[in-house]
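The listed protein sequences correspond, in order, to chains U and R.
To convert, note that position 106 of the first sequence is 106 in my numbering; the numbers rise steadily by one, no gaps.
To convert, note that position 180 of the second sequence is 1180 in my numbering; the numbers rise steadily by one, no gaps.
Any given hint could be a false lead.
Pairs of lysine-lysine residues, derived as DSSO-like cross-links and limited to a Cα-Cα distance of at most 27 Å, are as follows [as the list claims (entries may be wrong)]:
id: 1; chain 1: R; residue 1: Lys1292; chain 2: U; residue 2: Lys162
id: 2; chain 1: R; residue 1: Lys1048; chain 2: R; residue 2: Lys1067
id: 3; chain 1: U; residue 1: Lys97; chain 2: R; residue 2: Lys1113
id: 4; chain 1: U; residue 1: Lys162; chain 2: R; residue 2: Lys1110
id: 5; chain 1: U; residue 1: Lys162; chain 2: R; residue 2: Lys1067
id: 6; chain 1: U; residue 1: Lys98; chain 2: U; residue 2: Lys162
id: 7; chain 1: U; residue 1: Lys162; chain 2: R; residue 2: Lys1048
id: 8; chain 1: R; residue 1: Lys1110; chain 2: U; residue 2: Lys97
id: 9; chain 1: U; residue 1: Lys16; chain 2: R; residue 2: Lys1014
id: 10; chain 1: R; residue 1: Lys1291; chain 2: U; residue 2: Lys162
id: 11; chain 1: R; residue 1: Lys1291; chain 2: R; residue 2: Lys1067
id: 12; chain 1: R; residue 1: Lys1067; chain 2: R; residue 2: Lys1179
The set of hints was computed from the structure by calculation and includes no laboratory data.
Each chain is listed here by its residues.
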Amino acid sequence: MSKRNSINRINDQVFKWFGIACTIFGLAMLAIFLYSVLSEGIPRLDWQFLTSLPSRKPENAGIFVGIVGSLWIMGLTALIAIPLGVASGIYLEEYGKKNMIASFIEINITNLAGVPSIIYGLLALEIFVRVLGFGKSLLTGSLTLSLLVLPIIIVATRESLKAVPNTIREASYALGATKWQTILYQILPASAGGIMTGVILALSRAVGESAPLIVSGALIYTSVIPSHPMDDFSVLPIQIFNWLSRPQKGFIVNATAAIIVLLGITFIMNGIAIYLRNRWQKKIKW
Amino acid sequence: MSGFAYSEMRIKEKIIEGLLLLSAAISILTTFGILYVLISDSYPFFQKVSLLEFFTDTQWTPLFADKHFGILPLVAGTLLTSGIAIAVALPIGLTIAIYLNEYASPGFRKVIKPILEILATIPTVVYGFFALVVITPYLQNFFPEMGGFNALSPGIVMGIMIIPLISSMSEDALYAVPKSLREASYGMGATRLQTSFRVLVPAASSGIIVSTILAISRAVGETMIVAIAAGQQPNLTANPLEPVETITTYIVQVSLGDVVQGSLEYQTIFAAGITLFALTFVLNNISFYFKKRFREKYE
């Protein structure tokens, strides 16, 4: 009995160390990735790199077109996806809780969240580029990404609306407010932190996407700065992809420096999202 | 309140509800849009190429003079890279979940979980860079015959990317196991390891299976990592050291070129797309099935 006992205890300890090793493996990979990017890319990262147009010579090339394209895409996607996503979330959580349409919409959203992003590119290529005639424009790109990130915003909206206790709704109704007044003046302000968190995570996802944009016609190489939603465009991730497919070492270094910028944007956005979530959770105690 | 203002308000309320419903209905439109586009644009393709040829021909060469339309090499490339990813992510992710849930202190868990989740927020094009520039050269020390493009390196990197998906969701499932089960096991004198593998993992199996299937589905649909690091040669092989092309890479490869709309090449990306959609649709629905079972058990 005591022998079996000690074997069990040894096994337990062995697994504990294996668990620690696996956790360290995950953290170490993250550290190695960040180190390899920073060590190679930082020296290349200067003002010239941030403000220059693409070039055939790696030392003259820059990411200005990509940055402007990514900012446009982020802004337009926010304009399209936030109202639609929040409105859908409100409908599903506050209005259509038990009807058939709402449960059908819900099944759709769960399914859409699992559709590979490149499929959205095919949808956009046929519907936005061809049928609606938007061409390979910023508008097409941001509509594509809006559809892609809608499920994220809808789910976040529903979760934060759900967290608002029913007593708030009932108190508002008791004072004679209508359903919409209750939502607009009571429920939405109370859940704004959670919704914002979801919105920022969704936009951060959109900024990092490249596959659906490549399929729906974003340019791989362009030196024209877009200035209108109907203009052609490229984005930062696509520029990185383009440089990675070049054989010259100089372009790989460029890609590394561009990755630092992209990771910087992604991490800052995720940091803001986490900060908002924590503050929101701390501030509101029902 | 006068009757007029009251009815006006009711109309306004109804209009708002209608607008909200309209926004929510966009997701239905999107689903039907995807199905319509994939079916209508691949239909002409399947009129020229029989389903038998599509599923049995072992070559995929629509861009060459000698055209073959067998999807198998692309499916094989997709399954090979996804298989490698799961082989990396499942044991590591599940071990991390068990470790954080049963062994680690709550403080350690609180710090480590969000750091690991950073792995899931990194854009995939960045992972492609890691596979091509960091992991492949490193692996070539062990496999000198391996080329710059191969299935192994992007597979491993995809695995690292989906570790947090499996570890977080599995940990939630383990955490949801009723405390009484865990305490009963410890009461019987079981160690943490025995409790984990004989009580908690079986009890949380639905949740763990859901997380694994979603991770597979994610790997199957992943594009940029494989497009950057796995190569662009359709290759019917199970050898992870060889270059392969996945379904997603093929779609990107065609999109990068100038393909005339309505041409056979154009239709092939929709044929490839509907195959990919079918694969992930089946996987996602298996996971819904398990998720439903999981819910019934604990609520």
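Now the hints, each set against the structure:
no. : hint                    : verdict
1   : Lys1292(R) - Lys162(U)  : holds, 20 Å
2   : Lys1048(R) - Lys1067(R) : holds, 12 Å
3   : Lys97(U) - Lys1113(R)   : violated, 33 Å
4   : Lys162(U) - Lys1110(R)  : holds, 24 Å
5   : Lys162(U) - Lys1067(R)  : violated, 55 Å
6   : Lys98(U) - Lys162(U)    : holds, 15 Å
7   : Lys162(U) - Lys1048(R)  : violated, 52 Å
8   : Lys1110(R) - Lys97(U)   : violated, 34 Å
9   : Lys16(U) - Lys1014(R)   : violated, 59 Å
10  : Lys1291(R) - Lys162(U)  : holds, 21 Å
11  : Lys1291(R) - Lys1067(R) : violated, 43 Å
12  : Lys1067(R) - Lys1179(R) : violated, 61 Å
In terms of the numbered hints stated before, the structure departs from hints 3, 5, 7, 8, 9, 11 and 12, listed from lowest to highest.
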